[in-house]
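So the sequence lines, in the order shown, correspond to chains A and B.
Per numbering that gives the first Met the number 0, the first sequence runs over residues 0 to 229.
Per numbering that gives the first Met the number 0, the second sequence runs over residues 0 to 421.
Among the hints, a few may not be true.
Computed footprint of chain A on chain B, listed as stretches where at least three residues anywhere in the stretch have a Cβ under 8 Å from a Cβ of chain A [unchecked claim]:
(1) 190-200
(2) 273-287
(3) 391-405
Just so you know, the hints here were simulated from the structure itself, not pulled from any lab data.
These numbers come from a predicted model, not from an experiment.
From the three backbone atoms N, C-alpha and C, an ideal C-beta is built for every residue, glycine too.
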Amino acid sequence: MTAPVGTNVAAGRLRMAIPKGSLFADSVKLLGAAGADVRVLADPDRQLTVTTDDFEFIIARPTDIPVYVAHGVVDIAFAGKDVLLEADLDVVELLDLGFGACRFVVAEPQEAGRSIEEIYRHLGVIRVATKYPRIVERHFAQRGLQVEIIKLHGNIELAPLIGLADQIVDITATGRTLSENHLRVVDEVLSSTARLVANPASMRTQDARMTQWTDRIAAVLPVMFGEDGR
Amino acid sequence: MRPVTPRGFRDVLFAEAAEREAVTRAITRVFKSWGYGPVETPVVEEYATLEAAVSRSLETDAFRLFDMDGALLALRPEMTVPIARLTASRLGGEPGPHRFRYVASVFRENASLRGQARQFTQAGVELVGAPGPGADAEIVALLLDTLVAAGLREFTVSVGSVAFLRAVIASARMDESWDTSVLQAAHGRDFVAIEALSRQQGVSAAVGDALRALSRLRGGPEALVAAGQHARACGCEESLDELLGTYEVLDACGLTERITVDFSMMRSFDYYTGLVLEVFSPGLGVAIGGGGRYDRVLAEFDAAAPAAGFALGIERIMIALANQSATPSVPPLDAVVGGTRPAEVFAVAAQLRAAGWRAQVAHGCAGEALVTEAARTGALMAVEVDGPSAYALDRNGVRLGELPAPLEGFAAPLPDDERCWQ
Chain A
0 MTAPVGTNVA AGRLRMAIPK GSLFADSVKL LGAAGADVRV LADPDRQLTV
50 TTDDFEFIIA RPTDIPVYVA HGVVDIAFAG KDVLLEADLD VVELLDLGFG
100 ACRFVVAEPQ EAGRSIEEIY RHLGVIRVAT KYPRIVERHF AQRGLQVEII
150 KLHGNIELAP LIGLADQIVD ITATGRTLSE NHLRVVDEVL SSTARLVANP
200 ASMRTQDARM TQWTDRIAAV LPVMFGEDGR
Chain B
0 MRPVTPRGFR DVLFAEAAER EAVTRAITRV FKSWGYGPVE TPVVEEYATL
50 EAAVSRSLET DAFRLFDMDG ALLALRPEMT VPIARLTASR LGGEPGPHRF
100 RYVASVFREN ASLRGQARQF TQAGVELVGA PGPGADAEIV ALLLDTLVAA
150 GLREFTVSVG SVAFLRAVIA SARMDESWDT SVLQAAHGRD FVAIEALSRQ
200 QGVSAAVGDA LRALSRLRGG PEALVAAGQH ARACGCEESL DELLGTYEVL
250 DACGLTERIT VDFSMMRSFD YYTGLVLEVF SPGLGVAIGG GGRYDRVLAE
300 FDAAAPAAGF ALGIERIMIA LANQSATPSV PPLDAVVGGT RPAEVFAVAA
350 QLRAAGWRAQ VAHGCAGEAL VTEAARTGAL MAVEVDGPSA YALDRNGVRL
400 GELPAPLEGF AAPLPDDERC WQ
């Protein structure tokens, strides 16, 4: 375990982190439906924090959100399951929000010069490029395959094309980017959706407010994203 | 070279160390007053010893090392298991209960760049050989006493029991992998996974309801009532008996004001069997301490005995105190005693110390140099010794007046004392 140490805002309002990028719009929509005043989020401009009566919103990079929550500088947040798994920090997962669905897949060139099996047989190791080394490590360990993980920060599809890696593990929603780059999916690692997460200490020290907003969000989920919450 | 401390380790300098000492002393005083005796254990234990009691978190957390014989050792990640080991290996034949207290550094491995320390100081107690609500209530009451004595103005203690969740899981009569998954999800505070597991085929409605309610079973006595209803529906009502008994004792003592009943909490160490505790302070994102009942740990060491205890993280208490503007003020040095003849200086300083002063000697320092030294060390007074007489100096090193002789019963200065050099 060993949670890091940090201090959050004083009581009064909850500090909530909202991820920039693909989860932003649905997170705001959901919050609005749950009764929060989200007008300030419609056009946050370049501000990193905006405040309402109920919340101090932090607009953050998705991968930083688990760090904020685990350190307790944010009470409650929206975060993708993928990011949570990669961060592997002590946060409470309260709700599966259903939106932001994506799959982690293993992909390789459609016309590989040598098959992966052959590479593995002769070299005993596969090189895998990814943005998510921890998730990849866990996946291949479960499969009993030896891999060398190469961490990249973007354009993962490029790695096999230029010979940096034999396979890649990346997120895909539709699979289009992969096929456009002549890659095919060979294995599924996991599927991810957005989650409502909280700091474990905030759950105790701000119990009433945390429970109130969790309940409100849970109540509007089926309405917004279908009966099964998806 | 310019030396540095290894990542995750740090030095503690004067002001901080003095404040930590003040808090630790206040905590120790309470432990002592409850009849807990001090013990010390080695910093390292056999890895196998730790592994027998804490399996889950050890793999990633243990600070491991090999000695010259190739034995696998680990720096202690906490004190509960070393004290259980001590009880088994050294006190096996002695009738209990034993009451232990400690203030000790513990070590945990952490990946780099996460802003986490690898060495902490824990102050805690273990009550070995006493079962049931009486002993559990003693631990909780002692914890409350300790937190007040440490100077914390605001805190809440979450009190729960892992017996409830374990009983609900057992009553489901699912396969072992399901049981493990639920426990793992609870340890990982993953209520999304618990919800999914609660809806798995074969899980009865009562068990499913209980699992889904878990994250909400928090609050005052009403949370106990709610948990009781779920336990009854699952046919495992007796799993709450201990906690109910403990709460009853605490309630009768008027100690429930700062207690929150909380079934959504699972401690990160997996050895707890009943009572679990976590301490929170507003504004701090992590628990400042925790503990509980671990009745099976000593059985792992062939010395089965019920046991319970708690540990507080001194670093985290210091942060909570700072947040609450409640850091203890440590009184400064009373005087720096200087003069040209060391023997005279020592004699006056000794008399001042006998009168209750904190007096530091400054050899060969007199006049202005002595005042500079007093300023540097933060002393309230500069005392210059000259032959049989001693004088208080002002800021320019000029003698203000002679100190009485003998110095017996001469009170140490207060910060606004006119005898002070400032």
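Against the structure, the hints come out as follows:
1. Proximity of the region 190-200 of chain B to chain A, defined as three or more residues with a beta carbon under 8 Å from a beta carbon of that chain, is established by the 5 residues found.
2. A count of 9 residues in the region 273-287 of chain B with a Cβ less than 8 Å from any Cβ of chain A is obtained; the coverage claim is therefore met, three being the minimum.
3. Under a criterion of three residues with beta carbons nearer than 8 Å to beta carbons of chain A, the stated coverage of the region 391-405 of chain B fails, only 0 such residues being counted.
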